[in-house]
Amino acid sequence: MSPRPRVLRTLALTLALGLAVLTGCSAGSGGNAAPGAPKTLRFVTVYPANTTDPQLVHTAFILNSGTTETLVGLDPHSLKLYPWLAESWETEDAQHWTFRIRQGVTFHNGAPLDAEAVRAALQHALDVNPGVVAALKIDSMTVVDDHTLSIATTSVYPALVSNLVHYNTVITDVTDTGDVPMGTGAFRFESFDPAGRSVLVRNDQYWDGRAKLDRVVMTANEDSNARMLALQAGDADIIYRPSLESIPTLRADPAITVDSVTGTRVYHLQFNYVGRHAALWNNRDFRRGIDALVDRQSIVDGIMAGQGTVAFNPFPGDWPFSPTPLGRAHGTEAALQHFKAAGLEVNDGKVTHDGKPLTMQIVTYIARPELPLIAQLLRESAAQVGITLNIQVAENIDEYLPKTDFDIATYSVLTISRGDGAFFLNGAFGKGGAQNHGRLADPALLAKLDAYNTEIDPATRIRMIKEIGGYIEEQQFNSYLVVPNETAAYRNGVTGWLTPGNEFEFPMITKDLDLA
Amino acid sequence: MREARPVLRRLIQGVGFFFVLTFISFLIVQLAPGDAALSMLKVDTVAVTEAEINALRDQLGLNDPVWQRYGRFLAGVVHGDFGTSVMTGKPVMTELTKAFPSTLLLATVTMATVVVLTFVLGGVAARRPHTLADKAVGLFCMVGAALPTFWLGLLLIDLFAVRLHLLPSSGLATSAGLILPTVALAVAIAPPYIKILRGSLIEASGREFVRAARARGVHEWVIFVKHTLRDSLIPLVTILGVSLGSLLGGTVIVEITFGIPGVGKLAVEALARRDYGVVQAFIIIVGMAVFVINMLVDLSYRILDPAIALKGAERR
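Protein chains in written order, with my numbering: chain C, 13 to 528; chain U, 7 to 322.
Be aware that a few hints might be false.
Quick partial rundown of chain U residues pointing at chain C, CB under 8 angstroms, derived from the structure [claimed, not checked]:
hint	residue
1	Val-35
2	Leu-37
3	Ala-38
4	Pro-39
5	Val-52
6	Thr-55
7	Glu-56
8	Ala-57
9	Glu-58
10	Leu-62
11	Arg-63
12	Asp-64
A few chain C positions that, by computed beta-carbon distances, are all more than 12 angstroms from chain U [to be verified]:
hint	residue
13	Ala-72
14	His-108
15	Thr-110
16	Gln-396
What the hints contain is simulated information worked out from the structure, not anything from laboratory work.
Every residue, glycine too, gets a C-beta built ideally from N, C-alpha and C.
Sequences and hints are given; from them, build the entire structure.
In structure tokens:
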């Protein structure tokens, strides 16, 4: 044999060996090909956990995994609270609460769930997580008996119950020193690698019935293309939040189902009420003029490829707390009328202020790819009436806005959170609220908010949210534009999947999930 | 007293190096994006006020001047306190202490293997230069240096773990788990040492004192061990010392390929998760380890070659 064929053969063998290694490495982790093999579902979500500590984690990965549960749950259909690990709760003054803890529940390590375990879990959350301290405002906790926990808040705080839905308030056995969270859910962690994949196995002792799946391999990938490819290649059974551009491709694939639901966040424009153009932004007609420049339907149809719903106030939709939209006209003519009413000069369809053209700054960010496009759309509309909008892109909007004298900011926030408006209303309109970047301090709105924050009766609270939402729209405090859909895509054969309205408040892996 | 001066000088250099290293790792975190207070308060899901955010910033010391924050950081480092890992919620030192033994074990065993390989193959090649044995050693060096470590690692896993089922593919659950990563690392690291030792031995064997010893009828083995080898050790020890230091931080690829829970793997994961406390600690500990090893290597010259110590004394 001549040397050349030998070299070629060696090269071919090396390549074959390399390919064998690579294919061996990339073999799917799940798969249900063999009859009688465990039913394993592979789920790819967006954001990984940054820690194995469920009371500290920065994402809802652990709650989504169906391994842990909170005292209070949120129904994804009605957005109403329901008793989960707490069977019931009662209070007379919204400051002293009594929670009855569900009986017959055990943690994955076999330890019983009792009032002391709940107290210890919540105490751990308060100790390690200042966000939980701010969310729960707990002053003290007392174990009354095995299944009764008494909680006192630092002040009258009707929002306590809804905040017990927060993913950092999951109840785990914090005395367990193992490497994985010890929850009570329908699945338990077999392995948990925050930087890699986590394997969940069915909890046969689950208090609410046996799960249909045997195993779930759960990973996170922030790259939406990688998630889509994983689904198309058969390496994933369900992916959460495919990119808007990929939805038509996925819909065209007969092996894949795309499920979209109306989300619970609203894309909107925040105005700056204390900046260099404060006089203009504190003028309702000027705000209405800017709002009229936005064609909401074209955002939904063009920018969002139909994956959204037009909004006019912070609580759009058919929820009990949704105000009836006023539905003002939009377009250049309508905008000019508002600007004229605001005292600006309008000549030949162009707006001037004190004889000079208006130049303003709009800040946007790319974490939500649609927001810069909305900023561009508004810039084009504003140019038609002679207003120049300079677009500034921030890396972290919440860090950037407090340091800059902006005029408009594109923003995205959960408005309907944990079945209650307390998070949004206090954050976005409360005095010094973290999301109140425009520093709005409207006395009438603050008075309504104060009344809402101390109202105990749930029905009255709903009526008050509705009224506040209507007032915000009527006053045009900021411009609420569109509710983006939440989407998931899954391979045919997956049953029992429910796409939640957001990723923060619901388990995604449930006992009802199954593979045909 | 004179003997202690080089040590003292090195220690002073060490203190300076420590300050530079800690300041650089401190700056990395300061310049990194992200406001810890906003992140900790979960502002995207919890209603908080600017006052609460500022109070937490005060509590965390984020509003303090840079020099104060650096001072606090330095005090923590001196006491072995690098803060808490955001990845696990446990102290950074606990995480590193858990991971360090695996890396140290791998680095030590690899270095021992490299030394054995170097002496055996370098010695064989030098004793019979330009023979088939020398050429075989040369070929080994060429292939070993050319193969990427991760590729060799994958090949070894495929052959010994997947096909032959002789050794575990990952982890250090048993001591057998150390074999494949050690081989992968040693094969990649050893070639330059073998070449250096071979060259040094051949050069030393032609020196005057070796020829004189041979003329006096001293046994070849004694000449080799006592004169030739000792004379050839200085360049080898220099490069070996440097490598041991960099091995502590350089086992990253192998740790990931073989799923070894060492500091390299921990640092890569920490970087991906922006767990800067762990990254800071990794930079400082590995940096100081490299410095200390280099210092020991420098000082060892004086034992291997007293002429160096004498030259130093003459300069003074």
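Tested hints:
Checking U/Val-35 against chain C: minimum C-beta separation of about 16 angstroms lies over 8 angstroms; hint violated. Checking U/Leu-37 against chain C: minimum C-beta separation of about 13 angstroms lies over 8 angstroms; hint violated. The beta carbon of U/Ala-38 is not positioned within 8 angstroms of any beta carbon in chain C (closest approach about 12 angstroms), and the interface hint is therefore violated. Hint on U/Pro-39 holds. Least Cβ distance to chain C is approximately 6 angstroms, under the 8 angstroms limit.
A hinted interface residue such as U/Val-52 counts as satisfied when its beta carbon comes closer than 8 angstroms to some beta carbon of chain C; here the least separation is about 4 angstroms, so the hint holds. Interface restraint check for U/Thr-55: the shortest CB-CB distance to chain C comes to about 4 angstroms, inside 8 angstroms, so the restraint holds. For U/Glu-56, the shortest C-beta to C-beta distance to chain C is roughly 4 angstroms, which falls under 8 angstroms, so the interface hint holds. Checking U/Ala-57 against chain C by beta carbon gives a least distance of about 6 angstroms; that is within 8 angstroms, so the hint holds.
A hinted interface residue such as U/Glu-58 counts as satisfied when its beta carbon comes closer than 8 angstroms to some beta carbon of chain C; here the least separation is about 6 angstroms, so the hint holds. Contact between U/Leu-62 and chain C, as hinted, is supported at the beta carbon level, the nearest pair being about 5 angstroms apart and thus within 8 angstroms. Proximity of U/Arg-63 to chain C is violated relative to the hint, the smallest CB-CB distance being about 11 angstroms (cut-off 8 angstroms). The beta carbon of U/Asp-64 is not positioned within 8 angstroms of any beta carbon in chain C (closest approach about 12 angstroms), and the interface hint is therefore violated.
The Cβ of C/Ala-72 sits about 9 angstroms from the closest Cβ of chain U, inside the 12 angstroms cut-off, so the non-interface label is violated. Chain U leaves C/His-108 outside its interface by the beta-carbon criterion, the shortest separation being 22 angstroms against a cut-off of 12 angstroms. For C/Thr-110, the requirement that its beta carbon stay farther than 12 angstroms from each beta carbon of chain U is met, with the minimum near 24 angstroms. At roughly 34 angstroms, the least C-beta separation between C/Gln-396 and chain U is larger than 12 angstroms, which holds for a residue marked as non-interface.
Violated hints, listed in ascending order, are 1, 2, 3, 11, 12, 13; each of the other numbered hints is respected by the structure.
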